[in-house]
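Engineer: Each chain, written out:
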Amino acid sequence: MIKNMVLQASLKNCFQLSCVLRTPKAGFKGTSNGGLILQSVSNDVYQNLAVEDWIHDHMDLENQQVLFLWRNSPAVVIGRHQNPWQECNLKLMRQKSIKLARRRSGGGTVYHDLGNINLTFFTTRKKYERMENLKLVVKALKALRPQLDVHVTDRYDILLDRHYKISGTAAKLGRTTAYHHCTLLCNADKFVLSSVLKSPYKGLKSNATPSVPSSVKNLFEEDPTLTCEMLLEAIAAEYAMRHQIDNHITLIHPADETVLPGINKKTKELQSWEWVYGKTPKFSISTDFKLVCKDSVLDVKVDMDVKHGRIEVCNIDVPEQWLPPPLCNELGKNLTGRKFCPKEIATLASTLLRTYPQDDELHNKWNLLCENMRLLM
Amino acid sequence: MAWGALRRVGPALAPRLWPPALRPPPGPRVPAARRLATSSLVLSARKFTDKHEWISVENGIGTVGISNFAQEALGDVVYCSLPEVGTKLNKHDEFGALESVKAASELYSPLTGEVTETNAALAENPGLVNKSCYQDGWLIKMTVENPTELDELMSEDAYEKYIKSIED
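Chains as they are written, first to last, in this note's numbering: chain A, 1 to 377; chain B, 1 to 168.
Just chain A, same shape as in the assembly (with noise of 0.2 Å):
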């Protein structure tokens, strides 16, 4: 939704900042000397930390800090080490087309929507320094609302009323550049973040780095009168007075390729299934579920060892007499080398299936079966 006026002048700004960019050496001409506001017309995760991505590689931040603002329509962000079966609720993300991405900073899972805002400071590696960063956050919103009890902790997140999570915190370290990024919940749906934050897959054994879950809190709900451009604004302007800059936000696409080129290769390696999921440090699964059919009950067991997001083994235990055991060997074998994926299962499934004679009941154990396998990815 950009106004005629706005997007003239987010044109202008592209060119200025087209100049800035392919002149590193020169740094921002005119009055910005020192610091740069940049804030995304994108709400699409992968587009927007492909535009980190991009700052980060390309970007001479010698002479000038960057200051990049952003929001997400819904999605789910781990850390780069993260099993997102570990971290979230993917059957309920799914459901409710929220995506998934894995950033490529540390850290733990967290939930984006248009109610959060995002922020990255970017610094060469010498200035990194996530306490400045985070305290200038702190600064910015006791301007703004003066009662507001925020505060940074030594973890990095910053606290309302002593308690409540309104910020974390993750960061990179490259070859030459630094970011230091963070969200700030402003009114964001909570029961929604709770919900998938919640993993429903037991009997993982990863190594992969963990969350710390903590009681969350919007800001809105302190004070119903702000809105997320209010802190944006709030944010840039304390930004700017610490710079010595113009209080100037510069929009910027994520998708166009004259201003940022590479871009949108860098949006599609953070889409694909290799990143997201195939990322995820080495897991096995050892668990059980139980199949009602008719009268029975039946114990399932299953083990699987999952590796850079493909089944490496894969046993499946199920009685005798309810399935044949061919059938169930020719499934642990197939899923073999397959993505861990429902998707992946279903196909399989109903190949599978079409090498036996027509037998419903056989069907309908079948089906029952790779349901609740199913249910395990």
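The set of hints was computed from the structure by calculation and includes no laboratory data.
Treat the hints with care, as some may be off.
[Stated by the list, open to error] Far from chain B, by Cβ distances over 12 Å, these chain A residues were calculated:
1. HIS180
2. PRO342
3. ASN372
[Unchecked claim] Calculated cross-link-like contacts (lysine-lysine; reagent style BS3-like; alpha-carbon spacing at most 25 Å):
4. B/LYS161 / A/LYS126
5. B/LYS51 / A/LYS126
6. B/LYS102 / A/LYS135
7. A/LYS282 / B/LYS102
8. B/LYS164 / A/LYS265
9. A/LYS139 / B/LYS102
10. A/LYS365 / A/LYS333
11. B/LYS164 / A/LYS282
12. A/LYS165 / B/LYS102
13. B/LYS91 / A/LYS265
14. B/LYS91 / A/LYS266
15. A/LYS127 / B/LYS51
16. B/LYS131 / B/LYS161
17. A/LYS266 / B/LYS88
18. B/LYS88 / A/LYS126
19. A/LYS205 / A/LYS91
20. B/LYS91 / A/LYS126
21. A/LYS265 / A/LYS290
22. A/LYS126 / B/LYS164
23. A/LYS127 / B/LYS102
24. B/LYS164 / A/LYS127
25. A/LYS307 / B/LYS88
26. A/LYS127 / B/LYS161
27. A/LYS268 / A/LYS290
28. A/LYS268 / B/LYS131
[Stated by the list, open to error] Now the in silico label distances, taken between C-beta atoms and shown as ranges:
29. A/PRO319 / B/ILE61: 47 to 53 Å
30. A/LYS294 / B/GLY75: 31 to 37 Å
31. B/GLN135 / A/TYR356: 54 to 60 Å
32. B/ALA158 / A/PRO261: 33 to 39 Å
33. A/LYS202 / B/ILE61: 39 to 45 Å
34. A/LYS202 / B/LYS91: 29 to 35 Å
The C-beta atom is built at its ideal place from N, Cα and C for all residues, glycine as well.
With chain A fixed as given, assemble chain B onto it according to the hints.
Structural biologist: Structure of chain B alone, referenced to chain A:
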């Protein structure tokens, strides 16, 4: 890893570096860094990159890790992401990442070669990188495709001087 002059956390102690290179094997005396006719190094002293990685080559295989300066600046390592055996790396290529309480930090290959082994102990015990960065906390082993690249790296003494200069 590219550190620049990252501010160090904790007391500014001179890092205690690993003792000098092992004595060469018995036989004709060969200075440690002299290249043999086969153009593979028998044994070389530890060399350092300006990104605070070290490599020590023995019988043509280089062991790679991060320096004490780096592990101190990084803080407690909680996860090591290392490449698959067989991965081919060019000098400066990103080969993995270390995640610490401070940040996720990329690892860059000091030389051109192929990964022959990764330190399996780090999966269960990533803290070894902090506790024993020159011994048990090694990261990968790799072949040395271009031994001349080793000459471009810093000796222990040169590295010591380097970190003193960036600390100031």
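Engineer: Which of the numbered hints are not met once you compare them with the structure shown?
Structural biologist: Result: hints 1, 8, 11, 18, 21, 27, 28, 30 and 34 break, sorted rising.
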